[in-house]
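The sequence shown finishes on residue 357 if you use the numbering used here, and the numbering steps up by one all the way, no holes.
Among these hints, one or two may not hold up.
[Unchecked claim] With a straight-line cut-off of 30 Å between C-alpha atoms, the simulated DSS-like cross-links for lysine-lysine are:
no.: 1; residue 1: K199; residue 2: K287
no.: 2; residue 1: K151; residue 2: K287
no.: 3; residue 1: K199; residue 2: K273
no.: 4; residue 1: K287; residue 2: K70
no.: 5; residue 1: K275; residue 2: K222
no.: 6; residue 1: K275; residue 2: K202
no.: 7; residue 1: K290; residue 2: K151
no.: 8; residue 1: K130; residue 2: K246
no.: 9; residue 1: K184; residue 2: K151
no.: 10; residue 1: K275; residue 2: K246
no.: 11; residue 1: K222; residue 2: K247
no.: 12; residue 1: K290; residue 2: K273
no.: 13; residue 1: K199; residue 2: K247
no.: 14; residue 1: K300; residue 2: K199
no.: 15; residue 1: K218; residue 2: K151
no.: 16; residue 1: K300; residue 2: K287
no.: 17; residue 1: K300; residue 2: K247
no.: 18; residue 1: K130; residue 2: K202
no.: 19; residue 1: K294; residue 2: K218
no.: 20; residue 1: K294; residue 2: K275
no.: 21; residue 1: K247; residue 2: K184
no.: 22; residue 1: K184; residue 2: K124
no.: 23; residue 1: K222; residue 2: K290
no.: 24; residue 1: K218; residue 2: K290
no.: 25; residue 1: K222; residue 2: K273
no.: 26; residue 1: K78; residue 2: K151
no.: 27; residue 1: K70; residue 2: K130
no.: 28; residue 1: K247; residue 2: K273
no.: 29; residue 1: K247; residue 2: K275
No lab work stands behind these hints: they were computed from the structure.
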Amino acid sequence: METQQSCFSDCKLLPFSSPLSELSLWGQPLSVSQPPRLLERVSVICRRRHFSFRTEEAYIHWIKRFIFFHQKRHPDSMGIPEVEAFLNHLAYQRSCSASTQTQALNALVFLYQEVLDKPLGQMKGLNRVQQRHRVPVVLNVSEVKACLEVMSGTCQLIAQLIYGAGLRVNECMGLRVKDLDFVTGSLSVRDGKGGKDRTTLLPRQLIAPLQKHLLKVAQLHQSDLNRGAGFAAMPGALYKKYPTASRALAWQYVFPSSVLRLWGDGKMKVRWHMSDSTIQKAFKVALKQANIHKHASVHTLRHSFATHLLSAGTDIRTIQLLLGHRSLQTTMIYTHVIEATKLVTSPFDKL
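Please put together the full structure from these sequences, using the hints given.
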């Protein structure tokens, strides 16, 4: 039992940008001769294939759940029956959604095919949860305005930018100074969902507030430089290729964190971006203060952006490009939000 448990119990997840040489066990560096444990192998392969940190985190979560479900047996000693039992348990006993079961399935297929080199093959005993097509929650223009008006400070600016540019929360938080183009009124999203880059709108009304905000960011950055810090986390290994670029203002986050953290081989003091939870909590408070009784989150602003553009007559293909959707079918879901109410009048209104 001790050997089975050791395959995952001591593994420590590192920030996605950390080099693989920093893999450690409870803070102690791995010896070159020490064979990597299971979850460390999962982490290494995820990073080698340039998976996002959230994908890596989700895969490790489901692999752990799978191991605990089978009393901490090593996955190498299990196969299709155990995988089917776990996934069917999620469907029947845990009442999970189709997307949750699919995520767990993808994690286990990745584990057996890429890590253990034992492809699962066809699973005839797997019972898939039926996919349900749900219409996204959308705020109307007056509700969006009411929410944004009760917010203040940096959180208000973030919410305005998410709605005005149709950004995902992590895309907005990951913006750097160099990604804003005030002359053309556009901003660049780097390494968005699926590892894709795109260009989207920068609302003209937000140019002045953003410029004022960036003055504060520049002052904070100069203060960090004076203290021997001022580094920004760089994607991949760019901090090795361009060692001085991480101290440039252009690479600083538009919405920086309030604290400095150690990062990289040299333990540089870097300032990451704000946490996603900061704006998420602030928007929940704003919904309550605005007296809006919808099951909405800050991501609803992105849905509202697309729906309001579609209502104004914007071409669906243009909206797809602005949102960064791979498939047009994903963007088409917003047509269902407006079709029923825009094209049909209730017979009760004619009484």
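CA of K294 to CA of K275, is that 30 Å or under?
Since the Cα atoms of K294 and K275 sit roughly 38 Å apart, the hinted pair is violated (cutoff 30 Å).
Is K222 within 30 Å of K247, Cα to Cα?
29 Å, holds
Going straight from one Cα to the other, do K247 and K184 come out at no more than 30 Å?
Distance of about 18 Å is within 30 Å: holds.
Do the alpha carbons of K300 and K199 lie within 30 Å of each other, as the hint requires?
26 Å, holds
Is the Cα-Cα distance between K130 and K202 30 Å or less?
35 Å, violated
Regarding the pair K222 and K290, is the alpha-carbon distance no greater than 30 Å?
26 Å, holds
Starting from K247, check that the Cα of K275 is at most 30 Å away, please.
OK: K247 and K275 at ~18 Å, within 30 Å.
Between the alpha carbons of K199 and K287, is the straight-line distance 30 Å or under?
22 Å, holds
Taken at face value, is the distance from the CA of K287 to the CA of K151 at most 30 Å?
Within the cut-off at roughly 18 Å; holds.
Hey, K70 versus K130, does the alpha-carbon distance stay inside 30 Å?
24 Å, holds
Taking 30 Å as the top limit, are the C-alpha atoms of K222 and K273 close enough?
Roughly 26 Å separates the two Cα atoms, so the pair holds.
Pairwise hint evaluation, K273 against K247, where the allowed Cα distance is 30 Å at most:
Cα-Cα ~17 Å, so holds.
Violation of the numbered hints given earlier is confined to hints 8, 12, 17, 18, 20, 22 and 26; the remaining hints are satisfied by the structure.
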